[in-house]
Amino acid sequence: MSKSLFTSLILGLIIVVSVVGVMLYQGGRVDRSDLEKLSATVFRMPRAINPFELTDHRGKIFNQNTLKGNWSFIFFGYTNCPDVCPNTLAVMNVMANNLEKNQPDKIIPHFIMVSVDHERDTVEVLNKYIPYFNNSFIGLTGSSTEQVDAITKQFGIPYFISKKSPADTSYEVQHSGAILLVNPEGNLHALFSAPHDPARLINEFTLIRYIHEQE
Amino acid sequence: MFNFRYLITLLLLTIVSPVALADITIEDAWIREAPPVSRVQAAYATFKNSQADDVELIKATSPAFAKIEFHKTISENGLTKMQAQASVTIPAKGNAELKPEGMHMMLFNPVNPVRAGNKIEFHFTFSNGNTTSSSFIVKKATGINHHQHMHH
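Read top to bottom, the protein sequences are chains A and B.
For reference, each letter of the first sequence is one residue, going 173 to 387 in the numbering used here.
For reference, each letter of the second sequence is one residue, going 2 to 153 in the numbering used here.
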């Protein structure tokens with residue numbers, strides 16, 4: 173058995189168990205108090221997202237309204253990141269593949285990486301980087317620090333560019349490793365802190381979505 | 002008969018006598034394939050120390066990369082950052098695990114792009130003066146950390 177098939181089966185099983193678990197609780201017995209047991213921080217009141225405007229890796233404008241209509245997982249990173257960013261995008265890829273296989277009736281959430289390094293991460297760079305992980309993933313960048321900060325500040329995402337000199341092009345960017353969840357109304361709904369485990373993320377997302385749909 | 006017993010004893014002595022065992026062994030050695038446009042990538046492995054003393058891994062080189070550094074991914078005040086380390090401690094009778102989002106080798110400027118399936122030679126120098134070499138396999142990472150430890 174191939175390793176990826178084995179992984180899919182295990183994750184599939186976990187999802188089935190969690191969905192069955194949710195169904196067993198039906199009849200109003202699953203409620204918001206269950207959300208407190210999750211490792212995710214689920215906001216008591218989803219927060220409205222103030223206007224921002226970024227460009228996606230295909231060159232299209234992406235703003236707060238583009239987030240409406242579907243769940244979105246949003247991660248902040250940069251392409252010259254050797255460890256955390258490619259690992260998080262690989263985690264998101266496992267999530268995307270498993271949600272697709274195991275919940276065909278549901279619309280697959282958006283998976284988004286917002287670059288916190290707009291100087292190096294141009295649309296062209298993101299256009300080569302993002303599809304490497306998954307063709308349906310979305311990369312976002314800004315044309316100025318202000319554009320990037322319009323989303324990072326309200327999402328509570330700190331980052332720090334450690335340039336040694338203005339000419340330095342091999343600098344590191346320190347950034348939050350959190351993944352944020354935006355609901356289909358376009359409001360900030362939950363926060364997942366690193367390190368990320370795809371099975372746990374899928375499990376918790378399944379419950380968060382179920383409870384949100386009941387409300 | 003005496004000669005025969007003498008021979009057996011000699012053979013036994015040869016088998017049980019201390020032979021030069023490798024004190025550091027390297028397992029699960031792999032390199033994350035760099036996505037297009039990324040100029041940096043990371044290598045991971047488990048270093049096992051069979052000796053009674055700690056050993057420091059002080060240097061890593063590879064003909065495939067211009068420079069290799071030891072980095073640790075740490076989270077501090079909500080920021081994830083990398084901290085360069087002068088060496089990696091491999092504890093006595095223990096392991097040093099270099100794994101995603103922990104300690105790793107940061108690989109700079111590949112001589113040629115390395116692709117999934119490639120095998121890359123690494124050379125290591127330890128604080129006790131020993132050196133060793135190991136072959137690292139390039140992989141497109143899956144995102145599941147225990148995956149790398151599963152046996153085929």
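Calculated from the structure, these hints are not laboratory results.
Even for Gly, the Cβ is constructed at its ideal location relative to N, Cα and C.
It is possible that part of the hints are untrue.
Claimed, not checked - Keeping only pairs whose Cα atoms sit at most 20 Å apart, straight-line, the calculated EDC-like set for lysine to aspartate or glutamate is:
#  : chain 1 : residue 1 : chain 2 : residue 2
1  : B       : K82       : A       : D228
2  : A       : K336      : B       : E28
3  : A       : K300      : B       : E70
4  : A       : K325      : B       : E77
5  : B       : K141      : A       : D369
6  : B       : K120      : B       : D54
7  : B       : K94       : B       : D54
8  : B       : K140      : B       : E122
9  : B       : K68       : A       : D321
10 : A       : K335      : B       : E77
11 : B       : K100      : B       : E34
12 : A       : K335      : B       : E34
13 : B       : K100      : A       : D369
14 : B       : K120      : B       : E77
Claimed, not checked - Output of the computed footprint for chain B on chain A, the stretches with three or more beta carbons under 8 Å from beta carbons of chain B:
#  : region
15 : 215-228
16 : 240-247
17 : 313-322
Claimed, not checked - Label-pair distances were calculated between CB atoms; the ranges are:
#  : chain 1 : residue 1 : chain 2 : residue 2 : range
18 : A       : E291      : B       : L80       : 43 to 49 Å
19 : A       : D340      : B       : Q84       : 49 to 55 Å
20 : A       : T341      : B       : L80       : 20 to 26 Å
21 : B       : E122      : A       : N299      : 30 to 36 Å
22 : A       : P303      : B       : S134      : 20 to 26 Å
23 : B       : A67       : A       : R204      : 50 to 56 Å
24 : A       : K336      : B       : A67       : 37 to 43 Å
Quick one: which hint numbers does this structure break? Sort them smallest to largest.
Violated hints: 1, 2, 3, 6, 9, 12, 14, 15, 16, 17, 18, 19, 22, 24; rest satisfied.
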